[in-house]
Each structure stands twice: as C-alpha cells, then as structure tokens.
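In mature numbering (1 follows the signal peptide of the UniProt record, and there is no 0), the protein residues as written are -29 to -1, 1 to 711.
Source of the hints: derived by calculation from the structure; they are not laboratory data. Cβ atoms here follow ideal geometry from the backbone N, Cα and C, with glycine treated the same way. Worth double-checking, as some hints may not be accurate.
What the hints assert, rightly or not - DEER-style ranges, computed between Cβ atoms:
id	residue 1	residue 2	range
1	Trp472	Leu678	41 to 47 Å
2	Ala214	Pro261	20 to 26 Å
3	Pro61	Thr243	44 to 50 Å
4	Val250	Ala209	22 to 28 Å
5	Ala214	Ala172	42 to 48 Å
6	Thr243	Trp506	33 to 39 Å
7	Gly167	Gln27	32 to 38 Å
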Amino acid sequence: MRHVNTFARLTASSLLGLMMTWCAQLSWAAPVPEADTGHVRAKLVASVGQVHPGEQITIGLNQRIIEHWHTYWSNPGDSGLATTIEWTLPTGASAGDIQWPIPHKFKLGPVTNYGYEREVTLLSAVTVPKDARPGSSFPLEAKVNWLVCQDTCIPQEAHLSLSLPVVAAGQPSLPGSPLIDQARAQLPVASPWKVGAQAHAHGVALRIEDAALGGAQVKDVWFYPLTWGHVAHNAEQARTTDAQGVTLQLQAGETPPQPGQALAGVLVVTQTDDQGGDVRRGYDVSVTVPPGGAPAPMATPLAAADATAPALPEEAPLGLGLALLLALLGGLVLNLMPCVFPVLSIKALAMLNHHDQTPRQARLHGLAYTLGVLASFALLAGLLVAVKAGGAQVGWGFQFQSPLFVLVVAYLMFAVGLSLSGVFTIGASVTGVGSSLADRSGYTGSFFTGVLATVVATPCTAPFMGGAIGFALTQPTPALLAVFLSLGLGLALPYLLLSSWPALQRWLPRPGLWMERVKQALAFPMYGAAAWLVWVLALQAGIDAVAAALGGMVLIAFAAWVYDSSRHSSVFARRGGLGLAAVALLVAIGGTGLAVRSFEATAGASHTLSANAAADRGWEPYSTERFEALRAKGDPVFLNFTAAWCITCLVNERVALSRPPVAEAFKAQGITYLKGDWTRQDPQISRVLDKFGRSGVPLYVYYPQGLQSKPVVLPQILTPELVVSAVKEGAPAVTSSLTP
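Model the full structure from these sequences, guided by the hints.
In structure tokens:
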C-alpha cells in the first residue's frame, strides 16, 4: 500500500501553494510608484501631501490612456470589464469603494460600451490608522486590473505604491495632487429633480421633471444604468421634451427591473456653455419601477464581440432537480472523456493495489477518493462565485486561461509521470501489501487522486454538462454548489461503486510483478498530458515560456533524483538531499512561474492565426465586423467557440470539423466558418457563451441562410454526419438536448 512520504508532501505543498497564489490572483511584481503598459500609464495620487492619525483622505488611481483606446466604467456596457483595485494597507487603515466619474459611451458597430478615454482618476476614501506614529510614513499598495480596448482588448494590471508622511494632529498638511479636485468635479451629484418611471411592454419610460432640461442649450440627455442588463446599452434613448421636463424611453435589457425593483444610474446632461463648448454634468438617479406592465427583454441579433445573443426557441425552464440529474450524468460521462485518460492510469493502479484489501478498507479508499473529488468541485464552485462577484464572466475550465495555472498542472503531470517511471518512489513497493494496507496515509493518497482527477477533468466538457453548469451559474450560491457537487459525485461514482461492491472486485486481475511494467507504461499518458499543456502554454505566453517550463521540468526531475538517491543514506545526507531537492523545487516552481508571468504580459492578446493562414485552413478568425457583415446579407455562418486547452474542442475539430465531408458541405452551402478563440480570457466571447446559457467551450452555432433565420445550437460532441446534416437542413431536430 502506498503512502505519501516527505518528498511527495513537499511537492504537493509547493504545487498547491502556487495554485492558491494563482487563484487569489496575487501579484508577484514589486510595487512601483508609476506603471506604463504601453497603453496606460497608471499611478496613485493623494488629496494631501501629509496625513494625520485617524484622518480620512482621498486617494486617486490616475490613468492616462493612449489615443483611440479606452478603459471601462463600473458597468462596462455590452462588453468589457470594470477596473478593479485591491488595496494593501497597514493594520487599522481602510479603503472605501471606487467613486466613478461620469462615463462616456463608445460605439463600435452594434456594440455600446461605457468608459473613459485619454485620462481618468478613480477616487477612493482611505482612513489612516488612529495609532499612526508622527514622523513615520503611511504606505499604500494597490493591485489594479483593467481592460483597455480599441478594436481589440488587452487585460492589463499594475502593482502601485504610494507613501505619505505622518504628521502630528494640528500640524498643517501639505497640499495634495490637483488631479483629485479635477476628478471630484467629474463625479455625479445628487439629482435635484423629481424623477419617476413607468414600465411598459418594451422597457421603461424615465421621466425627469425640470423645465430647464427642455431648453435649447441642452444638447443631450443620456441614462447610464448602474446594473448590467437593466437597459439595452446599444439602443437609442428616445427623448421627448415638454414644458415640465423630459422623458427618456429606455429599451429593456437582458434582465430588466421588475415592478418594485430600483432602476439606478447616472443621468448625464450635455449643455452648451456661453463660449459654445460642451459641458457634461452627471446626476445620481434611482427610481422604483411601479407595478403594471413589467418590461420584457428585447430580442436582439447576435453580435460577435458584444455578445448579445439571438432569441432562442423557447423551452421549458431547467429546474434545480433536472440540473442536478444532468450534472450527475455529465460527471459519469466525464470519466470517458480524453482529458481524464491520464488520471485513469493512477486509478487503475490504485484499484489493483487494493485488490486484497478487506471490504471496509476498499470502501474507505473509495470514500477518500470521492471526498477529494467533491472537495475540489466545491473549491472550484467557490472560486467561480468569488470571481463572478468581482464582475468577471467566467465558466467551466476558466482556470486554464491562466498560463500560470497551465504551468502548474504541466509540472504536476510531469511529476506523476516521473513517479510512475520509478525516478522517485511514492510510498512502499507494489508488493508491500499486508499490514500496511491500513496505513492512514494511503487514504490521503486516494483523496489527492480525487483532487488530481478534478484538475485534469476541467478542460473537458461532456454531454449533459453544458445545460447543468449554465443553469448553475445563474443561480444563488447554494444551488450552484449543489450542481457542482452533483457533477463531482458523477465523476467519482464508478470508482466509489467498484470499491464498495466486493463482487465486482473479484473480476480484477491478481497483483504481481507484471504491475511494475504496467505502472511504467502508464507514465507515458502523464508525459503526453504535460507535453500538451506546454503546447497550450506556448500559445498563451510565447516560445520563451516554453523554455522556462522545460527548464523547470529539468529541475523537478533533478529534485526527484536527488531526493530518491539520498533516501537510504545517512541522516546528514538525507537532510542535505531533502534541502537540495526543496531548493530545486522552489526555483522550478517559483522562478519559472515569475518568468511565465512576465512572458505573458508581452506575448500579446491572441495567438490566432493570421487571416490568410486561417483562410487556407477553411475558416476565418471571429470578429464583430465580419459576422455582422455576413448576417446583414443573410449569408449562412457557422460559429465555433474553442480553446487550445479544451480537449473536447480539439477532438471535435479533428474528427468532425476538419473532415473533407464537412468542408465540402460548407463550400456547397456557401457557409462562412468563423472560429472564436477562448484560450485566453476574452470577455466578449464570455458574454456570447453566457447568452447561450453555456459556461464554457465548446459552443457550435449555425445560422442558416436568410435574414430571419434562427440559430441552431449543435451538441458538444460532434460527428461529420451530424454537422453535415445540420448545415444542409438547418433543422432544429439535430440540436442537442443541451440546447439552452
């Protein structure tokens, strides 16, 4: 029976620590007073030059944005991500929420976004600790994440610092940055008007009573909703004026406010001043939608980048009970998906090793494995809740969009392969059965096998999963957790049943020396998984990241060899070997992790093939302009949303989408094949997936010819015959039962 020894615990702890660091999205870069990404120069500024103990001051995040690019408001509109600030302050200090200046709107085709161009300063109230000592300094650090866009979007971050001297109470303070007062002048103020709202079939009529708003000097009145989905961002806000005020017709968004709910936002009024220039002023507006005539979402055509989805055929809503059943079935099928094949080797060896155990011991191993799977799915659900609460749109497999996470899992696969090859030993030999079967650490090994099964399963999507996870991500946290636990139970169920049913175990072969050869052979799926992940890393962070990853693998192999070579030496040699192995592991994981982070920042926003190269392969890169132009003519379009880390996607492309019958059918029907790449985080594609009720890739959508044609969502597992049938007939009959 195997047990987890010192080296294995050291390896697991190092990997787990780095994974937790990634999950928390902690910045490894040292803080700097000012950061320049090439698109945005960012720094922290203060309202004062010195601080007093217990004083509340204002800190601003100043961003200077290059021409023609923009960042985003708290509600980014049809696409984009709001800027976030994560503060690190001394004990006793606190920071308030971001105070957002009035936004601007940016239009790109059918997409309307809200944000800032040229320069913006985001303010936050910060309280100095009461016990701050005069003569010392008050240090502030902020990890800032933002999305900057023109025709393309690039996620960027900075780790900024600012230090202010602390002076005694009563001592005058030095003046602060003038940028603070400039930003305060751009903040919305409380509305001085009487505001009302009336819901109707297609939205809300917002009424503002002030005769001055109907004057000739008022050039524009626009309502910016605080909550995404309350208002259709790309719809015109028809304005009518009379002697008493102005009425704005707001078209309902995806999730319009219902009677009794608040419609809140910023009303921006643009007026002409005495010199003929434009003056923009913002006013905070919040009104409760009265009963009667609740607005309904307006059906809008799908736009590639703004992710507004078409009206889909109405189906019975997916309830929690059905979602739990679909998740359970999806977890069962997940055992057969190619991304889980590597970990099946570990499960097979574990089952053979446990062949002669008592029924109770076998059941405990099955329960430990199941607990590892369920704990991992619960952690994944918690991460999804936390990230979505921060305003990001994520889904199944989202963690593989991080090159750092891909690197960690590649190292894990490589280390497991080394163990199976015999470079180092995890536990006793395969013949060491008997009394050691009851060793507690064996159950720990089963638990972490369950964790590993979950990690390698996430790049795959199985039938039944899409609808269940899409439903879960729209539900409160308890329902989301229940669906994810049901999915985990499905993944663990075959092993749990086999370990709990002694009659089934009698069909297993007897242990013997042949197992050593099998064990060594099963190392190669692990090496294959590691090689695939390094390929994914190359697409995400460039060829330099591959060099760093390969160097890290050499260090991991060296650490394993040093440790195993010193296990049977003297106490001094064992300690020295353990120390050397630990240093090699830290350099491998920490050093290459830092390198990959730096390569990621300079690798560019996409690895998509050039348009000419893609056309040679029969498809074009997915873009808003291209999709809208095709659909405006009524041309048939096939959309493929994929990712390099998605095994299901790659298999579908190899066995179905790249086959000659499919290419011939596309050509015969005049279909344009557009491919959207989600290998790295793309909020626009995330929004498309969300509108179709999907939490991740793959997603296949076919638009038949005609301006009024309805989209057909294909299943997540494709065959050439299914795709050909879909594009020739455009019939909903081929649509999977997973269709939202």
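Exercise for review: Against the earlier hints, flag every one the structure doesn't satisfy and list their numbers going up.
Suggested key: Numbers 1, 5 and 6 - these are the hints that the structure violates, sorted from lowest upward.
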